[in-house]
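There are 2 protein chains.
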Amino acid sequence: MKIAITGKGGVGKTTLASILAHLYAEEGKNVIAVDADPDANLASALGIPQDEAEKIKPIAEMADLIEERTGAKPGSMGGTFRLNPKVDDLPEGIGYRMNRILLLTMGKVKAAASGCYCPENVLLRSLLKHLIVKRSEVVIVDMEAGIEHLTRGTAESVDGFIVVVEPGQRSIQTARTVFAMAHTLGVNKVFVVANKVRGDSDVAFIEHHIGGQHVIGSIAFSNAIMEADMKGSAPSNYSRETVNEVREIKKKIEMSLNTVQ
Amino acid sequence: MKIAITGKGGVGKTTLASILAHLYAEEGKNVIAVDADPDANLASALGIPQDEAEKIKPIAEMADLIEERTGAKPGSMGGTFRLNPKVDDLPEGIGYRMNRILLLTMGKVKAAASGCYCPENVLLRSLLKHLIVKRSEVVIVDMEAGIEHLTRGTAESVDGFIVVVEPGQRSIQTARTVFAMAHTLGVNKVFVVANKVRGDSDVAFIEHHIGGQHVIGSIAFSNAIMEADMKGSAPSNYSRETVNEVREIKKKIEMSLNTVQ
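Sequence lines, in order, name chains C and U.
Going by our numbering, the first residue of the first sequence is number 1478, and it counts up by one from there.
Going by our numbering, the first residue of the second sequence is number 1478, and it counts up by one from there.
It is worth saying that the hints were derived from the structure and are not from the lab.
Heads up, the beta-carbon is just placed ideally off N, CA and C, and yes, glycines get one too.
Please note: incorrect hints may appear among the correct ones.
Only some residues are given here: those of chain C computed to face chain U with a beta carbon under 10 Å [as the list claims (entries may be wrong)]: (1) 1491; (2) 1518; (3) 1527; (4) 1610; (5) 1611; (6) 1614; (7) 1650; (8) 1700; (9) 1709.
Which chain U residues stay away from chain C? Per the calculated CB distances, all over 10 Å, these [claimed, not checked]: (10) 1485; (11) 1564; (12) 1575; (13) 1661; (14) 1691; (15) 1699; (16) 1717; (17) 1718.
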């Protein structure tokens, strides 16, 4: 199972990613949780203590590794370097392990522009592609809003994209951009999750504005989730209700994908 | 007056930027509002109708302009191109004008990695630098979380950074990163604005966790602001209370900067 979670900043991608990771781990699955959004903090949401989380070095900042694998010093421009660096051995030696969950923090994976080929990006993209295409674990990627740095081949290997929206036009506009990109990439499975809803009318609002897309599940606005963020704790330990809502969403996604997980 | 607004995704940077832009315009100032966060939608928050907003082309996507100014085709790599393209004439011919406010949408200005020099980025950075260093208007930049693509010289020309935080550890962590970067860049004026607060204890929580930084002002959690986003309308037309809170913040920032605006 490979899921990439996207949506506007602040809608709750990281919360959803962390709860899904814990749910799969509870089932006995090995999970690779990928923090691919430099503005997120998946470590904290997974419940990794802050002093531990601060020691996790993003892959984009591992200059020696980048140079070893791409043949180019980070920050260099021009010149030649390997566009397909070897990455298949990387997940064993890097990242932070918490029981069945391996957390990889990518750092700035984002493409500055579609044609940007810095050595750092080449390594990060190769690694993300490898995780999605080749690994047998459950892979959950906490993405930033854009998915355009995925190639068609990589995107086709994702079982589904989840777009998280909240009741508001701006997160819906971000979702529309994701639909358009998913279409371009040949991905049909894009699941809309409504978050922070204050009632059925909020879900109806989202369904009305999102252009005919079905909302697969919703998560209620929760003060407990805010409290978890204030304590720096894992949301999955804080709100049984939210975890149950995510469990329903997980079930529906699996049914839709028709996979026997 | 030049202000760059930063903070974690979803904390309310764009809302604050749009209200500040309207307040300065009401005073009779010419305002350049810069949407430098690809995940934001400053056009919508300023009240530009969606069909108009969709016509605004981000500068990063103006391939002809980028090639003309940098000497390199967007998406090209290696080769040579001008690292200091001419940009001083640009603000007159581009962007969207709404009375006294000129909106510039940058597109993907973000640096993929610190050493990334794509032609698009070079043009965007030069333009941002020019706006901040040379223009006499009120410049309000809706930034993404990072400010590391500003150079020391550019950063010193900003009168102040505003970091927006909400009651939660994750937005506070983002703010801490901004403080560290501001310090590295030699900028002392970083103003913390607490947003979405539900009472004095939320402000106290933020002050306690933010490491001795003073909170210059706060904005209450507002259903009206959520409603504005649901309608796709300008927050400044929706919540008189929020506008007044921003007016207080603006006043305090001006006092702190000791500028006669």
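Here's how the hints hold up against the structure:
1. 1491: holds (8 Å)
2. 1518: holds (5 Å)
3. 1527: holds (8 Å)
4. 1610: violated (22 Å)
5. 1611: violated (24 Å)
6. 1614: violated (26 Å)
7. 1650: With a closest approach of 6 Å, the residue 1650 of chain C hint holds.
8. 1700: holds (9 Å)
9. 1709: Holds, because the Cβ-Cβ distance from residue 1709 of chain C to chain U comes to roughly 4 Å (cut-off 10 Å).
10. 1485: violated (6 Å)
11. 1564: Label holds. Min Cβ-Cβ 17 Å, cutoff 10 Å.
12. 1575: It holds; residue 1575 of chain U is separated from chain C by about 18 Å at its closest Cβ, greater than 10 Å.
13. 1661: Correct as stated: the minimum Cβ-Cβ distance to chain C is 15 Å, above 10 Å.
14. 1691: holds (20 Å)
15. 1699: holds (13 Å)
16. 1717: Given that every Cβ of chain C is farther than 10 Å from that of residue 1717 of chain U, nearest at about 20 Å, it holds.
17. 1718: holds (19 Å)
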